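These protein sequences, in sequence, are chains A and B.
Throughout, this note's numbering is defined as the position within the first sequence, counted from one, plus 75.
Throughout, this note's numbering is defined as the position within the second sequence, counted from one, plus 1.
A hint or two may mislead.
[What the hints assert, rightly or not] If the Cβ cut is set under 7 Å, some of the chain B residues that face chain A in the computed set are:
{"no.": "1", "residue": "T90"}
{"no.": "2", "residue": "F92"}
{"no.": "3", "residue": "R95"}
{"no.": "4", "residue": "E128"}
{"no.": "5", "residue": "A169"}
{"no.": "6", "residue": "C321"}
Honestly, the hints are just simulated from the structure, not real lab data.
The structure displayed is predicted, hence computed values, not measured ones.
Glycine residues also receive a C-beta, built at the ideal position from the N, C-alpha and C atoms.
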Amino acid sequence: MLTEPTQAYPLPDTLREKIDQVLETHDYDYTQIVGILLEVQDLNERHYIPEPVAYYIAYRLDMRVTNVYDIINFYSELSDKPRAKYPIQVCSSIACRVNDSASLAATLKDILSIDFGETTYDGRFTLEKVTCFGACDRAPAVRINGHVYDHLDSRAKIEHLLASLD
Amino acid sequence: MNNKVSFLTQNFGKYDTSSIDSYMKIGGFSALRKAVKMEGEDIATLIAENKVRGRGGAEYDMGRKWSQARKVPGNNHIIICNADEGETTTFKDRELIKNDPFNLIEAMIIAAYVMRATDGYIYMRAEYACFRPLLLNAIRQAHKYGFLGKNILGIEGFDYEIHLYSGAGAYVCGEGTALIRSIEGKAGRPRMKPPFVKVSGAFARPTCLQNVESLSLVPHLLLDDEKVYQSYGVGDSVGTKMISVGGNVRHPGAFEIPFGTTVRDIIYGLAGGIQGDRKIRLIQFGGASGKIATDDILDTPYTYQDLRAHGVMVGSGALCVVDERTSVIDFLRINQDFFSEESCGQCTPCREGNLHIKIILDKIKAGTATKEDIAVMEKIARVMSMSSLCGLGETAQNTLRSAIEVFPEVFAVGGAEA
Ligand SMILES: Cc1cc2nc3c(=O)[nH]c(=O)nc-3n(C[C@H](O)[C@H](O)[C@H](O)COP(=O)(O)O)c2cc1C
Ligand code: SF4
Ligand code: FES
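One chain only, chain B, in its complex shape:
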């Protein structure tokens, strides 16, 4: 099983992350130098050709996003790097920031060139505050070397600054409009769309929001003359992907894999199998808002299409493996706690829905739930996904809804008193 690759992670351990000189010795900033000799649209096309989908969870076509963003009129666009990484069992962006901070800065400068941005923001969760000095230092040094500031690389009018902002423990701030409000110095409550952030985002300026991993890929793609990236993957899932594996596996961690690696090779190969060789109860894909599968997914290749066909999604790239010691209901109850805590409470379906589903899950656990309770729970979950104001409420019951499909027996309760 040769599943570990290093395309996105090729710089890991290769340079001193506190030194721009060290980064430049391994070819740092040559992607930027190459980019500024290209047309912005061609860079968007390059990303599209590699079929890159946003790595933050929504899986949106990244080349298309850049192409659309640069067509929005204005000359003060904003680039935001989403480093909020709030999904449970998700810690791949952490590894990219920690091991390759200069590549991220370079990527954000390339993005600025493509989108004619004048300001870039990195919005990083407070829990990663230990990496603030690393990023601040990288920004400072890039400035000193003329990669940030005015007339970057001597190009008249290419002015760009990067700002580092901190979250403060709110998962919802990973959602675009909430994140933007947080950057504007407000509480991070999501707002209705439209206007879309690409037209009116932070400070009402055109904004392009992208995940750490999505951005980090760009410099490598620009220098990939041999098309190594495209040699990985299968079908429409081109290239490689960072995943994070946690839960009851022997060796939890973040790994870069080629798309198409089987779930079995991920769990039993890279992550070392299940603690105590126990059986798998379920696997949750993509964090707390992700869907679940049983061990019948083990031989499925990890690709966007194959996972979807199996009822789950790549999402945040997380795999949480839960062994037979935890029951499905206990698992759901723990997952529900996350959303009950993280709902911002602004809109009714999400605020009330999370509350009532929690109550019904407790009843199922206690053995007192009726058929009517189950029906109400399913209805609330459906209404939440259709009518919540933001993505948090829309996706909060993905896990429960897939559990109802995968483990119908768990919900086949009583009925006598219904």
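If we strip away everything but chain A, and leave its shape as in the complex, we get:
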């Protein structure tokens, strides 16, 4: 069976319990897989779904691992590669772009010394270019772990935000 390799990828008990809790709140219902993966992804400090976790979820929901990976790869909010503790999502759609989100992106790149798609050496920040996240009236804004931080129109505000994160 495709899900068998679970045995070969043992998960720490504490993590397995946490995943079980998430599955429990979703009634072990495989149709809720997207919501489940979103929650499980955030159990990891680096906000991603490691391979053993994907296998474990496939096993518990009686799904094929290939289907779990099809879903992870399809939805841009899901990742099977480590991100940062604080993935910084910058909107690249029109309402933000005409409000100078390009300067915001350039300032972030400069302060963090990384480009889009990269992670800082300490694993704290990733820069991600995303499409409209529905905060168009608060541009220029970023989204970090589900929170929107708005009106970031000066270097001082951006530095203050980054410093406030830990």
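With chain A's structure known, arrange chain B with the ligands on it following the hints.
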């Protein structure tokens, strides 16, 4: 200029959105109580009389949709509330969910009564996850008070549950068949129609898919004995509409307006005019898949008919105002990025078309495009709209095609080397 109205938004700020008691104190669930004393078909007729068109973008006659849906045989219909709100510059559903969650739940229960549905799904974009607790709480409390569950309001056999599902950052999942696949626990790739979702939708059950705003209107219409709603609007564009205005305006935001308000009153009145009093380069109506106009549209009334006559559409209700600092080509290039990113890649016209149009736009920007490039671009755009599998590919080049009409000079390039 008295353009702001509150019909759809009449409950905003009037009750504690975390408390069903608070909602019931302002008359919450009386529309449902009234509905269950009516014939389902009469509710569909009421919606049709108010000439409500779906607010998700396709502008389909909602009363007709309900009437057709309830005629589909079966006793386990599904109601889906589309809260994916993925169009750019569109954030009106966000305001309805945030400020009036119980009204949406009530609307979905009324829809269930009309369509004999046994399950309802709210499919909400992951970006709105902060409203999940609000909706889950509303569902839980409605359950406790007997508005959900078995034998609702004591009516034998009126059983209905509402489930809250999350998207995960895919614009295409706002398309009906993709959304349904996502609810079924699959990747959200659209499928061919037929079968139509009204006959075979989620889990192969008859399904009625409706936007947040469309649904939210229903309880208010049911209680509108004075016909206040019909006193707003002009001609066939009856009533009011939620719009969201963004881009280079001073006060971006979501507003409820009576149909017929001029575009000028929207932009210079409600949204406070243009930042730095600059000139308008263009206005995009209805999000990334919408069409554009110049400032010669300012005195046009915002109605379905007048906008169409001017080459644009209401669509998602978005207005993105772009001032003179951004060139038409830069604007198109940014808009193209959206579709290049969001195309699911399943069918050739959309996958390849978006890629090649992006390349040609870059050439125009660099000044290296030939006449042949422009001709190829127009052809690809046309082929995409005719032969893509789903609405995303069909509408992806609406913006470009209208730009070619509105700004022909931008595309009148070189030719020497063509
Ligand atoms: C690519 C694509 C994305 C869409 N996104 C949304 C959306 O985010 N919200 C929405 O209500 N409708 C969206 N729609 C329209 C829906 O498919 C559908 O027409 C609508 O939800 C029906 O409800 P309505 O009649 O109340 O508008 C989208 C359509 C397409 C083709
Ligand atoms: S038109 Fe685009 S989004 Fe729709 S199925 Fe084809 S590739 Fe996917
Ligand atoms: S355009 Fe950036 S959040 Fe909508």
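Exercise for the section: Compare the structure with the hints numbered earlier in the document and write down the numbers of the violated ones, lowest to highest. Expected result: Violated hints: none at all, because every hint is consistent with the structure.
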